[in-house]
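Engineer: Below, each chain spelled out in residue letters.
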Amino acid sequence: MLRDDTLSLRSSEDIVLIRQAVRSTAVDLRLSLVDQTKIVTAASELARNTLDYGGGGTVRIEALQDSGRRGLRLTFEDKGPGIPDLERALKDGYTTGNGLGLGLGGARRLSSEFAIESRPGEGTKVTIARWTT
Amino acid sequence: MDRIPILKMGDYLLVTVQVDMHDRLAMTLQEDLADRIVKARARAVLIDISALEVVDSFIGRMLGSIAAIARVLDAETVVVGMRPAVAITLVELGLALPGVRTALNVEKGMEILRRSLGHSEGNGNGAAAESVAPPSEADAER
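So the sequence lines, in the order shown, correspond to chains A and B. As numbered in the numbering used here, residues 17 to 149 make up the first sequence, in order. As numbered in the numbering used here, residues 1168 to 1309 make up the second sequence, in order.
These aren't lab readings, by the way, just hints derived from the structure by calculation. Quick caveat: nothing in here was measured; it's all calculated off a predicted structure. Wrong hints could be hidden among the right ones.
With the Cβ distance kept under 8 Å, some of the chain A side facing chain B (calculated, not the full set) [said to hold, decoys possible]:
| # | residue |
| --- | --- |
| 1 | Leu49 |
| 2 | Thr57 |
| 3 | Ser60 |
| 4 | Gly96 |
| 5 | Gly98 |
| 6 | Pro100 |
Think of the CB as a built atom: it goes at the ideal place given N, C-alpha and C, for glycine as much as any other residue.
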């Protein structure tokens, strides 16, 4: 059976655990080393966003198989304040915190698929996927 | 609390990051290094990241901060051993580590530091050694 786990994200130690879980799933799926590194790095960026801006949340890690190709889907969800201006949040260098503002835009560049939903006052959900190339 | 060890060798401080750092560990390393640079009167810091499988924007920013802090404290920093997949990912992420000197491995990193400290050879007084070195030779290597 293909892996489908949901991990909770409450502290910066959890970011390390999420990186490890994403890495081991990517290795099982036989993603190339560069693809593994990209998806783990994207996961790290998004996990930190969920923690810093969403006040914590969950990450779902799914292994995917679709007519011969294999992939990995990650869903980050929080019930934080939401992002009022998504377009701006996706721009490099824009941040409301102390970071570099590379998280969302960077994670999008590192992924094959990227989707974000956010409602002010309700929370944010970011979904990314990386397929074998 | 766990810490990343900092080794002193002559004028140099050596750090080998061997674990996947959580954020607090990275912040502690930054503070410990600033402390050690002053206490040990170090002229240079060499950070080996060859064991790191991932460098995200947080760690990237930390490396930049360490280099900047060291510079303010009159020490040079070289980051060595970045894995190729990490380099590809960092650049795609949008982080090219501005202000951070890099070298392929520890040996090349030491070479850069030795050259920029003016052949001090870790004798505890880089400035004096620099003034002793023939100016023509020093210029040629820059």
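Engineer: Which hint numbers doesn't this structure obey?
Structural biologist: 4, 5 and 6
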